[in-house]
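Asker: Starting from the structure of chain F, add chain X where the hints point.
Chains as they are written, first to last, in the working numbering: chain F, 1 to 428; chain X, 1 to 428.
Hints are computed from structural coordinates only; laboratory data are not their basis. Check the hints yourself; a few may be wrong.
Treat identical chains as interchangeable: a pair holds within one or across any two.
Computed cross-link-like contacts, BS3-like style, restricted to lysine-lysine with a CA-CA straight-line distance of at most 30 Å [to be verified]: (1) Lys425 to Lys346; (2) Lys425 to Lys93; (3) Lys279 to Lys235; (4) Lys97 to Lys425; (5) Lys235 to Lys346.
Protein chains: 2
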Amino acid sequence: MTIREQMHQVKEQSKRLASASLDERDDLLARIREGLVRDWSEIASANAEDLARAEAEALKPALKARLVFDEEKRKAVSMGIDDIIALPDPMGKVLEKRELDVGLVLSRVSVPLGVIGMVFEARPDALVQIVSLAVKSGNGIILKGGSEALSTNRALARSIVRSCQGTRVGAGWILLLENREEVSVMLTARNDIDLIIPRGSNAFVSYVMEHTDIPVLGHSSGICHLYVESDADFKMACAIAVDAKTNAPSACNSIETLLVNRQVAPAFIPMVAKALRGKGVVLHGDAECAALVPDVVPCRNGDWDTEYLASELNIHVVGSLQEAVEHINRHGSHHTDAIVTNDPEKGRMFQQQVDSADVFVNASTRFADGYRFGLGAEVGISTSKIHARGPVGLMGLMTSKWLLDGSGQVVSTYMGPHARPFTHKELV
Amino acid sequence: MTIREQMHQVKEQSKRLASASLDERDDLLARIREGLVRDWSEIASANAEDLARAEAEALKPALKARLVFDEEKRKAVSMGIDDIIALPDPMGKVLEKRELDVGLVLSRVSVPLGVIGMVFEARPDALVQIVSLAVKSGNGIILKGGSEALSTNRALARSIVRSCQGTRVGAGWILLLENREEVSVMLTARNDIDLIIPRGSNAFVSYVMEHTDIPVLGHSSGICHLYVESDADFKMACAIAVDAKTNAPSACNSIETLLVNRQVAPAFIPMVAKALRGKGVVLHGDAECAALVPDVVPCRNGDWDTEYLASELNIHVVGSLQEAVEHINRHGSHHTDAIVTNDPEKGRMFQQQVDSADVFVNASTRFADGYRFGLGAEVGISTSKIHARGPVGLMGLMTSKWLLDGSGQVVSTYMGPHARPFTHKELV
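Extracted from the complex, chain F is given alone in its bound form:
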């Protein structure tokens, strides 16, 4: 079978997952978790291969750390599977229910999208998490991980297939892709893939968006902001700025620009600069910031639109909350932005006017995450306004279907001069 034919097979076979009961899907998840123990020696030696290759190719330490899939990681993903088993069924939720007339009942229920195409970074634990979300949500999954983790991903996918074979649902709903040519084929598989979720560099995500007419969920950049209002608690603002920049500088929900109200700039900026520099952050400052803090890198054209993904941060002085909002809506990527203020009214104004997926008051932008949000886990964060916005958990992998249950009703009864009226009585 060609890879294209295999993708079509996934579409066909995934119908068995879509029609599986919650018990069947949770049982598959438990089998997958147990399979990781059964197949541990195979998985561990595959991971050793990947690590040896990473060593030989002198990969960066951060990348090597992500590649590791040891007993600790196995336990972590197993706990993740248990968390997902514990979640309520995302399928068959009655989202609306309405009587149109006596004996004519309309409902809108959640159903799986079909098949998800997912590209993710070289982190084998992500494979298990993504597969678990797919199983719980009843979606087939076609996935491609970072090539550095190929051996581990193969061993994990083999283990998952082995765990599901012989069940009523089987293992036909999963397909691991192994190279870029196969990803190119995936981008053209309009009839067999319902949603593509690319994770990776801006360039890669943009490439995917331009080369497919399948809907794409994700974000190409995370230019996030923290705005410190004139009435902010300085200690709180400092702690949030440090967390939002340094907790994980390369994460998409870390801030790239700190906006400070002019009234408090002379007092606050030297204080926050000291705290950030203490954590190794390189500061880029506008002229007002430079006058307050020695040796900042002067901000240049384009800095406001740059995602550093590193320990670098712009500091920009603004005259008002309104100016901060305008800066964020112009230069941000509509991902996650936060304000520090003691005035709930200003917080509400900021939340109303900032046009981003996540808008926070007095909390770090780093909270923008499916696990922290209580979604169980996430497949990604969407900056699209269509379908799912922000961290995408199980419900982001669902669509809905309108079901109408009648007893022979025809539309002509409800039209014309003697039209029978609809009752339109809400039932949920």
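Answerer: The following block gives chain X in isolation, referenced to the frame of chain F:
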């Protein structure tokens, strides 16, 4: 200002609509309704111009009928506005609310998408309906109607602008486009338009989907089916078939193919054929149908995939419910499909397995409509699985935003060996 600059203006100005209270938006709707009376002579003479041009250009009677905007149509759209005023506010709905930790509360609330770009047919009443949905949902609207109705559309748009000027919100949220070149500009206005809803021919909708990277909501064809199961009530099945084909043959929710279970074909097909022919329907039959009914047009390759949009219907005999489902999933356009059966279990199987936006049991496919569904009105019907599926009412014009309200929380507190646990307590 160029048309592109005007589109940017709509994006900017629509923020005032997005932040308007429910009372303000309902007040605008009432002003628009009253304005149609105030400006009636202008609107009526503009409509007379369009009708005279239609006469001169010898347009088809059906098209001319749609162009008419007389007192009766004005009253109908005014009642439509009142219906929309009576609907609950789609904005600011709390869709999820969860305590992440004490003093750290997450909510997901509905917010307008921003600006909708809409192309619709030569029906001036549609303009008023679309504008009303935009106002209620807090979205700016850029719209282009069929050129045959240009004078009436201009007069209506002028009246709407006049009604809203001088209010706090103003009239900057609406822009009427007048030609195809302006539509082309709209398709490229990625930063200023959030969703495009094209109504029109398949060719036009496909053109739009191929020529924009703005999300598009709609359907390019409506190939709908009615399946008559072996246990169906014949009288009910006949009545539904006649309604689903002849109530409005050119509507997207009318059926193109009638599937009949082989067991009842000899008894049912002659009966339904007689009823359909009595309404002037041309029947295309497969070989089994042809053996039962004289003079059907023999089905040819491609008929299963054809949207007739006319009084023509395929009749196809199938061996089982399963075969009917497979036919529908292969040849349908995932729009609306129905079954007639006396067995609720078969109805459920059909609803579970047919992969369409609307799946009905014992009711006509013609019920697939925002008004009949109780959505107040519709801007269109979506066969996309992403965002909104089926008839799209107010909620289909909304997106959501995650709001997090904290008291200084940082993520590092919730990580590492001494991580504070999240409470993740559902509040809604």
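Asker: Give a verdict on every hint.
Answerer: Going through the hints against the structure:
1. Lys425 to Lys346: Intra 40 Å, inter 26 Å, cutoff 30 Å: inter-copy only.
2. Lys425 to Lys93: Both: 19 Å inside a copy, 20 Å across copies.
3. Lys279 to Lys235: within (16 Å within a copy, 78 Å between copies)
4. Lys97 to Lys425: both (9 Å within a copy, 26 Å between copies)
5. Lys235 to Lys346: Within. Shortest intra-copy distance 19 Å satisfies the 30 Å Cα cut-off; inter-copy 64 Å does not.
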